[in-house]
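Engineer: Each chain, written out:
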Amino acid sequence: MTLQLKNVTKRFGKNVAVNNLSLEIPNNEMFGFLGGNGAGKTTTFRMILGLLEKSAGEITWNGEKIDYQTSSIIGYLPEERGLYPKLKVQEQIIYLARLRGMGKKDAVNELEKWLERFKVPEYVDKKVEELSKGNQQKIQFISAIIHKPKLLILDEPFSGLDPINVEMLKEAVIDLKNAGTSIVFSSHRMEHVEELCEHLCILQKGNPVVQGSLRDIKRSFGKKNLIIHAEFPLDFLANYRGVVKHKQTRNGAILQITSEDVSQEIFQELQGKGFVRKFELEEPSLNDIFIEKVGASYE
Amino acid sequence: MNKFWIIVTQTYLSKLKTKVFFISTFLILAFLMIMVNFESIIGVFTGDEEQKVAVMDESGELSEYLVEQPTNQDVEMEVYTGSLEKGQSLVVDGDYAALVTIDLNDKGLPEVTFYAENIADSGLQTTIQQQLQQLKITLATSQLGIDQGEIAEILTPITLQKVSLSENVKTEEEFNQAQGIVYMMLILLYTFVIMYGSLIATDVATEKSSRVMEIIVSSVSPITHMFAKIIGIALLGLTQIGIFVLVGLIMLQSKTDEIGGLIESFGLHNASISIILYAILFFLLGFFLYATLAAMLGSLVSRVEEANQIVTPIVLLIMIGFFISIFGMNAPESQIVIITSYIPFFAPLIMFLRVGLVEVPIWEVLLSVGILIGTIILLAIIGAKVYKGAVLLYGKSNSFKDIKKAIQLTKKE
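These protein sequences, in sequence, are chains H and Z.
For the record, in the first sequence the residue sitting at position 65 is 65 according to our numbering, with numbers rising by one throughout.
For the record, in the second sequence the residue sitting at position 144 is 144 according to our numbering, with numbers rising by one throughout.
Read the hints as simulated data drawn from the structure, not as lab findings.
Remember, it's a predicted structure, so these values are computed and weren't measured experimentally.
Possibly wrong hints are sitting among the right ones.
Using 30 Å as the maximum straight-line C-alpha spacing, the simulated DSSO-like pairs for lysine-lysine come out as follows [stated by the list, open to error]:
{"no.": "1", "chain 1": "Z", "residue 1": "404", "chain 2": "H", "residue 2": "126"}
{"no.": "2", "chain 1": "H", "residue 1": "113", "chain 2": "H", "residue 2": "170"}
{"no.": "3", "chain 1": "Z", "residue 1": "404", "chain 2": "H", "residue 2": "133"}
{"no.": "4", "chain 1": "H", "residue 1": "6", "chain 2": "H", "residue 2": "293"}
{"no.": "5", "chain 1": "H", "residue 1": "65", "chain 2": "Z", "residue 2": "404"}
{"no.": "6", "chain 1": "Z", "residue 1": "19", "chain 2": "H", "residue 2": "127"}
{"no.": "7", "chain 1": "Z", "residue 1": "411", "chain 2": "H", "residue 2": "65"}
{"no.": "8", "chain 1": "Z", "residue 1": "405", "chain 2": "Z", "residue 2": "385"}
{"no.": "9", "chain 1": "H", "residue 1": "170", "chain 2": "H", "residue 2": "88"}
{"no.": "10", "chain 1": "H", "residue 1": "126", "chain 2": "Z", "residue 2": "15"}
Chain H extracted, bound-state conformation (with noise of 0.2 Å):
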C-alpha cells in the first residue's frame, strides 16, 4: 500500500510550480512535506487529489491512478478550512462522510466516538458558526478521517490550535498511522514533522531540495550543533577552524561545527581556560537543516 509519484511536473502557464518530484510513501508511515510559503505543497496534494490535473508524471496508489472511483479511500484536511457555516455538526458530517461512501448510521456512530474522544460531544447539534475556530477546526478532522481513509492528506493540520488541542491531534493521528492508515502531511512546524515522520521531503520553488529517513537526512547533513556555557568569554571560537556558525547566548554560545571531530578539538582547547558548566554535543534539528537548505536559495 504505497502512494508512488514519478516525476510529477506542474507547470502554471510559464510558471513550474512543482519539478520532477519523485516520492514514495509507504503504509503505515507519516510522511513530512516541509516547504516555504509557494513552495509547491498544497499544489502537490491537489494533485494527488485529482483537483489539478498535473502537466507530466505519474502519481499511483498501489500501482493504481487515483481519481473519483477511490475517493472513499482519500480523507483531505485543506489547508483553507471550511465546512458549511449554517449546518449542524452532525448534519455536516454525515454528509461529507456519505460523499465519501460512507453509511449513515455507521457515520453517526463514528462521529459520537469522534466527538467523546475530542471532548466536545455537546457539539453535536451545534451550528459550525457557532463553534470556535479551534473547535471547528477538530470537526474539520474528524470530517477528514471519519470514513477510516487508507490515505490521509492533512494540509498544516495543526496551525491555530492551542497546545491540548495540538496533542490531542497528534495522538489521533498517531492512532490512525498504527491503524494502518498512510498520512501525508505538511507543515511550517519542524517540531512536529521531527516528532512525528520517518520521512520528508523539503520543498524549495517547487525543487525537492531534501528528501529521504529523517535520520539519513540528519546524518548526510554533518554538522552538529555545540552547546556550551562557560564562565568566561567564547569569542575565540567565533573564528575557529570548523565553526560554521556562533551565536552569543545568556550562558555561552551554540556553535554549530562542521563535524563531531572539532567538538573534540573545541574541548581540548577549552581546558584551564576555566569552569566549564555545560558542554553538549547536539543533532541538528530539523529547523537548522530547513533554514540551510531553503535559506541559501534566497540568498
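Once you have looked at the hints, place chain Z on chain H.
Structural biologist: Just chain Z now, kept in the frame of chain H:
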C-alpha cells in the same frame, strides 16, 4: 445511494427547511388567495350597505324618469323633496352619501350639481353620471319622438366577424385561450429563472466562500456536483409549484365559481394536450439553460455578496426575452419574434409563444429546440470546466476574465 443523489437530496432538503423557502411560498400563496378572492375582499371594505343618494328635482318634471331608472346595486337614488340646505345637512350628517340637484336648461336637457362631503370618491360620481347619462338620452330622444327600442339598437357597438383566409390558423377563440396560457407560462418561467437562478448561484458561492467546496470536489467530481445542485434546486422549485397547484385545487373545491372564472379567463379549461406538453418542455429546457449558466457564474465569485452581482446577465437576458414576448403577444408573426425564437436564451419564452399563438411548422420548432439543447450541452461542458477550475480560484477580481483563468487552471499546463 450514489453520490449524485446524495447531493441532490442534501441540496433539496437543506433548502426546503429554510425560512426563505417557507416565507416565499407563503407570500405567493397569500398573493394568489387575494387575487382569487379579490371581489369579496373589496366587498368587505366598501361595506354591504347601499349608498343612498338624494336627488332633488328642481324642474318638477323628472321624478317619473328618475323612478324608472334601473338602480345600480350599490347606489340607491331616492327622490328628495326637502330644501337644499336641509338636504346638504343630511349629507353632512351621513344620512345620504351625496345630494344631486337636477334642473332643466333652456334646451330641456338636465343640468346637475353634485354635493358630497368628499368629492374624491370618483366611483360614486361615475355611477351617478352613468345613470344620468341614460336619463339625458331618454329625455332627448323622447323630445325628438324616437322609440326607446330603436335607441338601444343604435347604441349597440358594431361587431367584427373575423375570418382568416390562410390555413392552419387558429380561430379567434383558440387564440384568446392560448394567450392566457402563454401569458401564464411567460410569467412562471420569468419568475422561476430569476428566483431559482440566483438561488443556485448563491448556493454555489456559499460553498465556495466557506471553502467547503475543496472537500466536496475532492470527494465527487465537480461536474456531478454542479448537476446535482441544479437538479436539487429544480426539484425545490417544482415542489413550490406543486404546493401552489395543490392549494389551487383545494380552493377550486370550495369556490368553484370564482376560480372557474379565473381558469376560464386564462383558457385553461380546455387547453389542448399539445400546448401543455410544449409548456412543460420549454419550461424545463429554459430552466436548465439558465440554471447551468447560474451555476457556472456562481462558481466564479469568492464571496456570497458577489453572487447577486454576477447573475445580472441572467436577469438581463430573461428580461429582454420577457419584454420581446410581451410585445409578441400581440404580434406573434413579426420579424423580431421569429428571429428571437431561435436564439437559445429567448427561445423557451418566444418559441413557446409562437407555438401557442400561431401555427408553426414542426421543423421550425425542432430547430429551435435543437439549438436550445445544443446550447445547454455546450454550456454544461464549458460550465463544468469553469466550475472545476473556478472552485479552486480565489481572489478579488470576479470579472468574466476569470472564466478564462478558471479554464486555464483545469488544463495540464
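Engineer: None of the hints should be skipped; say for each whether it holds.
Structural biologist: Structure-based check of all given hints:
1. Annotation: proposed proximity of residue 404/Z to residue 126/H is violated, straight-line Cα distance about 40 Å (limit 30 Å).
2. At roughly 17 Å between alpha-carbon atoms, residue 113/H and residue 170/H fall within 30 Å of each other, so this suggested pair holds.
3. Distance hint between residue 404/Z and residue 133/H is unfulfilled; the C-alpha atoms sit about 35 Å from each other, more than 30 Å.
4. Between residue 6/H and residue 293/H, the direct Cα distance comes to roughly 23 Å. Compliance with the 30 Å bound is thereby established for this hinted pair.
5. Pair hint residue 65/H plus residue 404/Z holds up; C-alpha atoms about 28 Å apart against a cutoff of 30 Å.
6. With a CA separation close to 16 Å, the supplied pair residue 19/Z and residue 127/H stays within the 30 Å bound.
7. Proposed proximity of residue 411/Z and residue 65/H is supported: the alpha carbons are some 18 Å apart, at most 30 Å.
8. Annotation: proposed proximity of residue 405/Z to residue 385/Z holds, straight-line Cα distance about 11 Å (limit 30 Å).
9. With a C-alpha separation of about 25 Å, the suggested pair residue 170/H and residue 88/H falls inside the 30 Å cut-off, and the hint holds.
10. With a C-alpha separation of about 18 Å, the suggested pairing of residue 126/H with residue 15/Z holds against the 30 Å cut-off.
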